[in-house]
Amino acid sequence: MSLEGLSAFRSLEELILDNNQLGDDLVLPGLPRLHTLTLNKNRITDLEYLLDHLAEVTPALEYLSLLGNVACPNELVSLEKDEEDYKRYRCFVLYKLPNLKFLDAQKVTRQEREEALVRGAYMKVVKPKQFPGAAGRRKPLSPAKIKSARPTHC
Numbered sequence: 001m002s003l004e005g006l007s008a009f010r011s012l013e014e015l016i017l018d019n020n021q022l023g024d025d026l027v028l029p030g031l032p033r034l035h036t037l038t039l040n041k042n043r044i045t046d047l048e049y050l051l052d053h054l055a056e057v058t059p060a061l062e063y064l065s066l067l068g069n070v071a072c073p074n075e076l077v078s079l080e081k082d083e084e085d086y087k088r089y090r091c092f093v094l095y096k097l098p099n100l101k102f103l104d105a106q107k108v109t110r111q112e113r114e115e116a117l118v119r120g121a122y123m124k125v126v127k128p129k130q131f132p133g134a135a136g137r138r139k140p141l142s143p144a145k146i147k148s149a150r151p152t153h154c
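Each residue of the sequence shown is one higher than the one before, starting from 1 at the first, in UniProt numbering.
Derived from the structure by calculation, the hints contain no laboratory data. These numbers come from a predicted model, not from an experiment. A couple of the hints might just be wrong.
In the SDA-like style, the derived pairs of lysine to any residue whose C-alpha atoms are separated by at most 20 Å in a straight line are [stated by the list, open to error]: (1) K101 to D52; (2) K107 to L51; (3) K101 to R43; (4) K101 to S65; (5) K41 to D18; (6) K124 to E112; (7) K107 to D46; (8) K124 to Y86; (9) K87 to L100; (10) K96 to K124; (11) K41 to S11; (12) K87 to P59; (13) K41 to P59; (14) K107 to E83; (15) K107 to Y49; (16) K124 to L51.
What follows is a set of in silico ranges between Cβ atoms, one per label pair, in the way DEER data are often shown [stated by the list, open to error]: (17) F102 to K124: 28 to 38 Å; (18) T109 to D25: 26 to 36 Å; (19) D52 to F9: 31 to 41 Å.
All residues carry an ideal CB built from backbone N, CA and C; glycine is no exception.
Please work from the sequences and hints to get the whole structure.
Shown next, in the form of structure tokens:
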């Protein structure tokens with residue numbers, strides 16, 4: 001979904017887009033003064049694409065919230081996610097957007113920022129590729145492969 005109409009508001013500093021069914025096709029115009037963006041409870045699944053896009057179009061971003069999206073792992077919403085998944089997510093987001101001061105209503109700590117510099121690139125959440133005959137279903141990774149491929153700290 002394109003929000004190019006926002007390009008007329010180049011001085012916009014805060015943008016709340018919660019509960020709008022926005023997905024991975026979200027396109028924001030350049031918003032050089034935007035410091036606060038909330039995209040809670042939408043349909044965002046591709047975290048890396050979103051973060052790369054935000055890094056390009058929102059250079060002043062300091063507060064970001066993605067709660068309630070598939071891209072934001074939450075143990076309260078999904079039994080498949082745990083606290084470690086959320087820590088890895090935070091580490092990856094901070095690696096991609098190092099100027100954030102708050103992420104999902106939690107202040108970014110100095111320790112998180114330092115860990116993101118060291119390990120953030122390795123915290124990327126890889127979406128499983130589709131395989132022939134799956135008719136849109138994704139082939140899950142085996143738990144052994146997932147655990148051996150991901151670091152436990154950040």
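Evaluated hints:
1. A threshold of 20 Å between alpha carbons decides the hint, and for K101 with D52 the separation of about 18 Å falls inside it, so the pair holds.
2. Our distance criterion of 20 Å between C-alpha atoms is met by K107 and L51, whose separation comes to about 18 Å.
3. Restraint check: the Cα-Cα separation between K101 and R43 comes to about 24 Å, which exceeds 20 Å; the hinted pair is violated.
4. Between K101 and S65, the direct Cα distance comes to roughly 11 Å. Compliance with the 20 Å bound is thereby established for this hinted pair.
5. In summary, the hint linking K41 to D18 is supported, as the alpha carbons are separated by about 6 Å, within the 20 Å threshold.
6. Taking the CA atoms of K124 and E112, the gap is about 15 Å. The hint holds against a cut of 20 Å.
7. Among the hinted pairs, K107 with D46 is inconsistent with the structure: their alpha-carbon atoms are about 23 Å apart, more than 20 Å.
8. Taking the CA atoms of K124 and Y86, the gap is about 12 Å. The hint holds against a cut of 20 Å.
9. Straight-line distance between C-alpha atoms of K87 and L100 comes to about 15 Å, which keeps the hinted pair within the 20 Å bound.
10. Of the pairs offered as hints, the one joining K96 and K124 holds, with about 10 Å between alpha carbons and a cut-off of 20 Å not exceeded.
11. A threshold of 20 Å between alpha carbons decides the hint, and for K41 with S11 the separation of about 25 Å lies outside it, so the pair is violated.
12. For a cut-off of 20 Å, the pair hint linking K87 to P59 is broken: about 24 Å separates their Cα positions.
13. For the hint linking K41 to P59, the alpha-carbon distance of about 23 Å lies beyond 20 Å, and the restraint is violated.
14. With a C-alpha separation of about 17 Å, the suggested pair K107 and E83 falls inside the 20 Å cut-off, and the hint holds.
15. Between the alpha carbons of K107 and Y49 the distance comes to roughly 23 Å, so the proposed pair goes past 20 Å and is violated.
16. Simply put, K124 and L51 have alpha-carbon atoms about 11 Å apart, close enough for the 20 Å limit, and the pair holds.
17. Evaluation of the 28 to 38 Å hint for F102 and K124 yields a failure: the beta carbon distance comes to about 22 Å.
18. Judged by the Cβ atoms, the range 26 to 36 Å given for T109 and D25 holds: they are separated by roughly 33 Å.
19. In this structure the supplied range 31 to 41 Å is violated for D52 paired with F9, their Cβ-Cβ distance being about 22 Å.
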